[in-house]
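These are the residues of each chain, in order.
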Amino acid sequence: MRRVALAALCAASAAQAGVSVPPEARGNALFDQANAAYLSGETSRAVAGYEALLEEGLASPELETNLGAAYLRQGKRGLAALHLERALFLDPSDDDARADLLEVRRGNVDKLEGESEDGGAEALARALAPLPGPAAAVALVALWSLGWGLLGANVLRPRAALGTSAIACFLLAGAAALVTVGSTAAHRLTLRRAVVVAQAAPAREGPSDRAASHFEVHEGTALRIEDEDQGFRRVKLANGLTGWVPATAVEPVVPPGWSNQRRL
Amino acid sequence: MSRRTGSALFALLVAFAAAAAEDVQVSARTDADEVALDGTLNLTITATVSSKGDQAELSLPDLKDFDVVSRSQSEQVAFTFVNGAPTFRRTTVTTVKLAPRREGQLAIEAARVTYKGRAYTTQRLSIRALPPGQSPTPKARAQAPPPDRFAEDAITDPFQDVHPQSRDLVLRASIDRERPFVGQQISYSLYLLARVNVSGIDKLQLPRLDGFWSEEIEAPQQLVGEARIIDGVPYRAFLLRKRALFPLRAGKVQIDPAEVEVMTGFGMLFSRSSTRRSSQPLTLEVQPLPETHKPDGFDAGNVGSWTLTASVDPVAVAVGQPVTFKLVAQGRGNVRNLALPKLGQIPGLRSYDATSNDKEAIEQGQVTGMRTVEQLLVPERTGAIEIPSLSMDLFDPAQKAYRTVRTGPIRLEVHAAPASAAIGSQAQAQNLLAAGGLRPIRLRMTRASVAPPPWTRGWFWPLLATGPLAVALVAGTGRLRRLLARDPAEERVKKARSAARARLRGAETLLDEQRRGNASASDFHAEVARALTGYLTDKQGIAAAGMTREELGRALLDRGHPPGTVRAVLAVLDECDRARFAPGGADLTSQEARLERAGRLLGELDKVRRGA
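Read top to bottom, the protein sequences are chains A and B. With the first letter of the first sequence counted as 1, position 29 gets the number 29 in the numbering used here; the numbers rise by one all the way through. With the first letter of the second sequence counted as 1, position 436 gets the number 700 in the numbering used here; the numbers rise by one all the way through.
Treat the hints with care, as some may be off.
Stated by the list, open to error - Distance ranges between label pairs, derived from CB positions: (1) 75/A - 675/B: 35 to 43 Å; (2) 708/B - 132/A: 21 to 29 Å; (3) 776/B - 158/A: 56 to 64 Å; (4) 652/B - 226/A: 57 to 65 Å; (5) 132/A - 580/B: 38 to 46 Å; (6) 161/A - 707/B: 48 to 56 Å; (7) 75/A - 475/B: 19 to 27 Å; (8) 725/B - 132/A: 13 to 21 Å; (9) 652/B - 75/A: 26 to 34 Å; (10) 590/B - 75/A: 24 to 32 Å; (11) 590/B - 95/A: 32 to 40 Å; (12) 625/B - 228/A: 48 to 56 Å.
As the list claims (entries may be wrong) - Residues on chain B that point at chain A, a partial pick, calculated with CB under 10 Å: (13) 706; (14) 707; (15) 712; (16) 716; (17) 736; (18) 742.
What the hints contain is simulated information worked out from the structure, not anything from laboratory work. These numbers were taken from a predicted model, which means no experiment stands behind them. Every residue gets a Cβ at the ideal spot worked out from N, C-alpha and C, and that includes glycine.
Let's have the full structure, built from the sequences with the hints guiding it.
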């Protein structure tokens, strides 16, 4: 349906212009159309437009933020929270996505009681997420290699300047390594992060519909995926509450196409 | 005279005060205004006094127009604390069943109640007696006005069809209306009828009220009984619970029985027992809202008796200054379901999101409510701006009709802001901007990279390892090279013996050549001498070529060589020198012997290491 809408839009735009439309311009045109639909109150059409762009493989924090806002307007808190989390994954410094996510969470059905069991790992991950991990990793490799190069030169032709430069490179590489480690930790936690998208899902003791259920999670609640089996996912809430929920009831924040890392 | 008058007035006041303090109340009523000549009616006379022991004495009025069929009397004593002091109230209810003697307008004269020597009288009652067989019009009870005077299905007495027969305890559920409209309030009451002493109730279980929105009206914390005569038997009726119900959908609805556990007996010790009782189920027929005259777009939640008012504060304001528009709906019904009209866009006014506040209350058993909607409006131009009339359609179940309530139009006078105020009077700022709410969407889209981070790539860790490995390789190579590099002096030491042997083999070859006549004896001896001196130079570090024989001998002795060996070495060197510089004196045999001795001497010299 969305592909048909996208194709129709592209064909219409191309026919109107009489020229072939480059993919970027085509994406921007669809984004503008979806925004116009949102602003005129046609949230269903806006959602269809945004989703079509996502199906094209586009990754954009603004797209995810707008889609989250549109889902929230439709009352779909789970999907709204999911896409706002994705916006923050793509751009951890996105204030709008963070504010909208707080707005979504204010209306969540589930209120967690008890102390956080992850020892603040979630908060730490949030704090570390804005670190420029990839850039720090590249800098780490460059400074580390340069430091060793200077050290090697000093071994062959001992000079004071070479040794001092090598030490400076190693110090900078250490700083880059700290940033990289922090970013890696945040990245690893985010890969396991998920959001409940079903309105309600029973959390069971095992991966089976016949297993006993002691509690229920509701849309919009953030949790961590710990295991998968037989169409169920073992999830853990921030306060340690754990259960198996149907795999379709929760969606990982980082979709499979965005990372080649193993999640579990 | 005036003194006596004052005394009398004082006495009258004291007597009045005493009577008031006694708080005596007497009343009389009948259960019908009309009665057929072959029927009966009940006259009930109630006397309540504030006393524990003294009783009021009742004298029945002159009933010349009636025959007294039966007479019964019940008494109830209530004990309460008022301002910390115990207060007793004794209520005596006398019921007299009367049969009229003649047709026409009959009178029941005032009854007389005497208490502590004082007489109190009831009011006079008038009864109309009808011919035999004619049905009298039911008389409404004076003490309990009907909840809805227009309702045909209103049930005025919850006990009108109760026949307990011989049961001591009866749990009675009742509703005040059997055919309500959707959204119309009905009252569900649960009474316990008892003719034994009830000391308490426990485990009251109300039925599930599916299909209703319900609100608590009364939930007594203490049992307070009311005397009732049912089928001629005195009972005490205890109200256990009263709830307001608003049907949510049309159709036949059944309310399941309620259950309660009743503790009977006196106090904690005397014959206290527990009995479980269930009420009867109730069935009601909820009527849909009538389709005739139903306004277009009518909201089904707007049921009840409501008024709608609108106001703006202030009504005169400077441009840019906010005013508050307030819309209030007030009345009887379920305020939560109410859908109020919305203020549309008004040219010249910028409007903000409205806030809504609901309040509910119970008044005389009826759920009343008030919804207040407040909206901030900011005039954007000067002049008069009219806020239009708002209207709301509602269904009034009391009148069984739709009607429309309207607000009046409001005129807002907007004047230009004074220059000084426009420059900035922060103290008058009223536009409070609270944080929160959904943020506006983004209109520009940037593409983000979702490539896996560098540390997940295959090249990352090998590249990190390359630097240290390269430096280790460089350092290792240098060390290896140093290890592999050889000292020429040491090399010479190591190779001194083999070099000397090689020279001796050369000397042997020269000896063979000498036999064939191709070489001279001096060459042979020179080679032998070079073998020995070369060995001493390389191996022993003694530059024998530049030394006298004495110096050579001392040097060899200093290095620990045995004196015999030293003498032998010096002798061989002397013989070689002689043979080289004085030829003819050496035959081949002596040369062979010298060669052999030189070889043996090398072995002996080799036994003592250099520098030992």
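Comparing the hints with the structure gives:
1. Distance hint check for residue 75/A and residue 675/B: the Cβ-Cβ separation is about 39 Å, which falls inside the suggested range of 35 to 43 Å.
2. About 22 Å separates the C-beta atoms of residue 708/B and residue 132/A, a value consistent with the hinted range of 21 to 29 Å.
3. Distance hint check: the CB atoms of residue 776/B and residue 158/A are about 59 Å apart, consistent with the given range 56 to 64 Å.
4. Our hint of 57 to 65 Å for residue 652/B and residue 226/A holds, since their Cβ atoms are close to 60 Å apart.
5. Judged by the Cβ atoms, the range 38 to 46 Å given for residue 132/A and residue 580/B is violated: they are separated by roughly 58 Å.
6. The hinted range of 48 to 56 Å is satisfied by residue 161/A and residue 707/B, whose Cβ atoms lie roughly 54 Å apart.
7. A hinted range of 19 to 27 Å holds for the C-beta pair residue 75/A and residue 475/B, which are about 25 Å apart.
8. About 20 Å separates the C-beta atoms of residue 725/B and residue 132/A, a value consistent with the hinted range of 13 to 21 Å.
9. For the hinted restraint 26 to 34 Å between residue 652/B and residue 75/A, the CB-CB distance of approximately 31 Å keeps it satisfied.
10. For residue 590/B and residue 75/A, the Cβ-Cβ distance of about 29 Å falls inside the hinted range of 24 to 32 Å, so the restraint holds.
11. Checked against the hint of 32 to 40 Å, the C-beta distance between residue 590/B and residue 95/A comes to roughly 35 Å, which is consistent with it.
12. A beta carbon spacing of about 55 Å between residue 625/B and residue 228/A agrees with the range 48 to 56 Å that was offered as a hint.
13. Contact between residue 706/B and chain A, as hinted, is supported at the beta carbon level, the nearest pair being about 4 Å apart and thus within 10 Å.
14. With a cut of 10 Å, the hint placing residue 707/B at the interface with chain A holds, because the nearest CB-to-CB distance is about 6 Å.
15. Using the Cβ-Cβ criterion of 10 Å, the hint placing residue 712/B at the interface with chain A is satisfied: the shortest such distance is roughly 4 Å.
16. Because the beta carbon of residue 716/B sits about 5 Å from the nearest beta carbon in chain A, less than 10 Å, this interface hint is met.
17. Among the interface hints, the one on residue 736/B holds; its C-beta lies about 9 Å from the nearest C-beta in chain A, closer than the 10 Å criterion.
18. Residue-level restraint check for residue 742/B holds (minimum Cβ-Cβ distance to chain A is 7 Å; threshold 10 Å).
The structure fails to meet hint 5 from the earlier list, while all remaining hints are met.
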